[in-house]
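Take these sequences, add in the hints, and give me the full structure.
2 protein chains.
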Amino acid sequence: MKRKITLKQIAKELDVSISTVSKALRNSPEISDDTKQKVQAFAKLYNYRPNNIALSLKNRKTNTIGIIIPEIVHHFFSKVIRGVELVANNRGYNVIVGLSNESFSREVINMEMLANGSIDGFILSISKETQQLQDFHHFNETMSQGMPIVMFDRVVSEIKCDKVIVDDLNGAKNAVEKLVHNGCKSIALITTKDYVSVGKLRTQGYLEALQDHKIVPKAELILKIDDALDFESHLDTLEQEIEQLFKSNKAIDGVFAVNELYALSAMKVARKLGLKIPDDIQVIGFTDGVLSKHATPSLTTVSQHAQQMGERAADLLIDKLENEIDTEEEEFQTIIIATDLVERESTK
Amino acid sequence: MKRKITLKQIAKELDVSISTVSKALRNSPEISDDTKQKVQAFAKLYNYRPNNIALSLKNRKTNTIGIIIPEIVHHFFSKVIRGVELVANNRGYNVIVGLSNESFSREVINMEMLANGSIDGFILSISKETQQLQDFHHFNETMSQGMPIVMFDRVVSEIKCDKVIVDDLNGAKNAVEKLVHNGCKSIALITTKDYVSVGKLRTQGYLEALQDHKIVPKAELILKIDDALDFESHLDTLEQEIEQLFKSNKAIDGVFAVNELYALSAMKVARKLGLKIPDDIQVIGFTDGVLSKHATPSLTTVSQHAQQMGERAADLLIDKLENEIDTEEEEFQTIIIATDLVERESTK
DNA sequence: GAAAATCACGAAAACGTTTTCGTGTTAAAA
DNA sequence: TTTTAACACGAAAACGTTTTCGTGATTTTC
Chain A
0 MKRKITLKQI AKELDVSIST VSKALRNSPE ISDDTKQKVQ AFAKLYNYRP
50 NNIALSLKNR KTNTIGIIIP EIVHHFFSKV IRGVELVANN RGYNVIVGLS
100 NESFSREVIN MEMLANGSID GFILSISKET QQLQDFHHFN ETMSQGMPIV
150 MFDRVVSEIK CDKVIVDDLN GAKNAVEKLV HNGCKSIALI TTKDYVSVGK
200 LRTQGYLEAL QDHKIVPKAE LILKIDDALD FESHLDTLEQ EIEQLFKSNK
250 AIDGVFAVNE LYALSAMKVA RKLGLKIPDD IQVIGFTDGV LSKHATPSLT
300 TVSQHAQQMG ERAADLLIDK LENEIDTEEE EFQTIIIATD LVERESTK
Chain B
0 MKRKITLKQI AKELDVSIST VSKALRNSPE ISDDTKQKVQ AFAKLYNYRP
50 NNIALSLKNR KTNTIGIIIP EIVHHFFSKV IRGVELVANN RGYNVIVGLS
100 NESFSREVIN MEMLANGSID GFILSISKET QQLQDFHHFN ETMSQGMPIV
150 MFDRVVSEIK CDKVIVDDLN GAKNAVEKLV HNGCKSIALI TTKDYVSVGK
200 LRTQGYLEAL QDHKIVPKAE LILKIDDALD FESHLDTLEQ EIEQLFKSNK
250 AIDGVFAVNE LYALSAMKVA RKLGLKIPDD IQVIGFTDGV LSKHATPSLT
300 TVSQHAQQMG ERAADLLIDK LENEIDTEEE EFQTIIIATD LVERESTK
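Residue numbers (numbering that gives the first Met the number 0), protein chains in the order written: chain A, 0 to 347; chain B, 0 to 347.
Careful, some of the hints might be misleading.
One side only, chain B facing chain A, incomplete, derived with CB under 7 angstroms [said to hold, decoys possible]:
1. LYS3
2. ASN50
3. ILE52
4. SER55
5. VAL72
6. SER77
7. GLU84
8. VAL96
9. ASN115
10. GLY116
11. GLN144
12. GLY145
No lab work stands behind these hints, which were simulated from the structure alone.
Positions of the beta carbon are idealized from the N, C-alpha and C atoms, including for glycine.
Written as structure tokens, this is what we have:
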């Protein structure tokens, strides 16, 4: 088990100085061809690679970007990561992943851990708990130390930074309009409590679509789920609430759900109540994940282009990192990613 | 935008030496209480945190582990990552994620990128292409430079290192036995080509189970899918092949599939052919992901405990990193994670 | 043949830490 | 009072790079 070879060792072996070795390897004109050849051959033989840590320290630049997400076992977030990885690697950067598990304190700890020199900038989506607590000091602190942040999906307007968001409002609006055009007269909404920023916007899209078509929204058609930290385990409750909704409103012929799981549950309950999809009732969900694609019937969804979000976020961050020219007068962008309606079997 | 504060700056402000500041902050008895208080107060005020990069360079230890996986948009792998993150963070380590996208060259590049000082050790699952090419030089090189590797799930026996694997053989065997006990007389197998190590083992488990019950395996009941790099896009072909299988063998009353997608496709085709699940035909899949849980009918699967795999792998790696006592005579462990059969609606 | 220019290389600083060792000052022991 | 011990701190090296600047030797120029 030999250690990695360093410039110093090469210098010693070849009886030249460290500087000569360094220059020879970088093909500096200062060094004679003889010496260059000798050094380069030796380096190749021993498979020399410069130590990244030393480079980071010297250049005060790690070429690594940190990404903090609430949850990794999640189609949307993992697709975002893939997008970030893709452009980051192409542009010579590494990616460190930190998980907040939807917890405020873990978000803070993870950020502090990475902020001390490990990375050059952050890409993140804030945890539910942080959204509830409305405590954003860690973002401000990080940025005030000159470390740029790009937020995606779950953003907070109070923080001035680059952002990449989904056009939640119009995505929802288009989906509901689709239902209206398909002849739905009584469209239910299954959404989250309002503190979840994206849930709120999607709800708003639903309302606007109805208003545009002169349909008066009815409160009894709107089901707001309290999605406590893990909704996976509350499937029963979820289904019961939906069943209640359907039973109290027999006229429902369309459902818009703000995520896949709600939509799938709605379909399941509908089937249980003997309703045919899409003949008796049509369903559209938000978030185009694996579940939608492989459900039976497959689910029409609003696609968020998660990978593209990751790519844009990474480009935004790296651009900022590499253009330190505009030191003062920071300009922040917000990129809005349009959604697509992916039509499948759950709508006519 | 102030830069992060350093020891040097504190020293200058307080008119002491850098060493004094360092010692004061680490509560060295060499420093008087007066000075300590002064320094610590100042450091707190300016929110001083030691620079990780400098520490890494000094200690020749990054406290970061690298994890290379073929694909992140995948329930199994993201669960493994979560497991790794969990114990890594608990034990004071960061996690860097690299994606090979099932490509040999990207696997090599990613490893080289991280191996030059960025991390202390690897946790990885090899790409399909690497499995095909049988080129493992990068693993050997990495290890010969003193960087430990822990492989999980897709491992290769030629490489001597710690491993965490699923008990694929017995997992498959148990599943098939379950089908036998449930009265299935003609059990089909949907698997991959043999170069995929796990596919091969699961196939073997199927065969052993049949033999144990004196059932003679029939070649026509075994469908080997050539899962080229992305099977998501070959759904049609997949379903056609399965339909062919079912039509040519009307007696089939049980199916064991080596992954979720194959199992789901089998269910879909069966339903299309008018077969009732689980009455006419029972289905079991390998890999307990979201699809299985939310399918209708929900799918009985072999659970691999992905998160636990990640945890064990991380512990294995960190143990090795922190016990450098046994320099020579390396002992390598292989941890076998037992599977569970999660019974749902697709079996009786 | 002397001055100037070119060449080929080395010394040293810097990035931000920690730690070993040395040293001047004060307090305790003889 | 002198010697010794304890105290409080600073200088410097080390981790592995890159880069600026200096310098001796050789070559060119007039």
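So, going through the hints one by one against the coordinates:
no., hint, verdict
1, LYS3, "holds (5 angstroms)"
2, ASN50, "holds (4 angstroms)"
3, ILE52, "holds (4 angstroms)"
4, SER55, "holds (5 angstroms)"
5, VAL72, "holds (5 angstroms)"
6, SER77, "holds (5 angstroms)"
7, GLU84, "holds (5 angstroms)"
8, VAL96, "holds (5 angstroms)"
9, ASN115, "holds (5 angstroms)"
10, GLY116, "holds (4 angstroms)"
11, GLN144, "holds (5 angstroms)"
12, GLY145, "holds (5 angstroms)"
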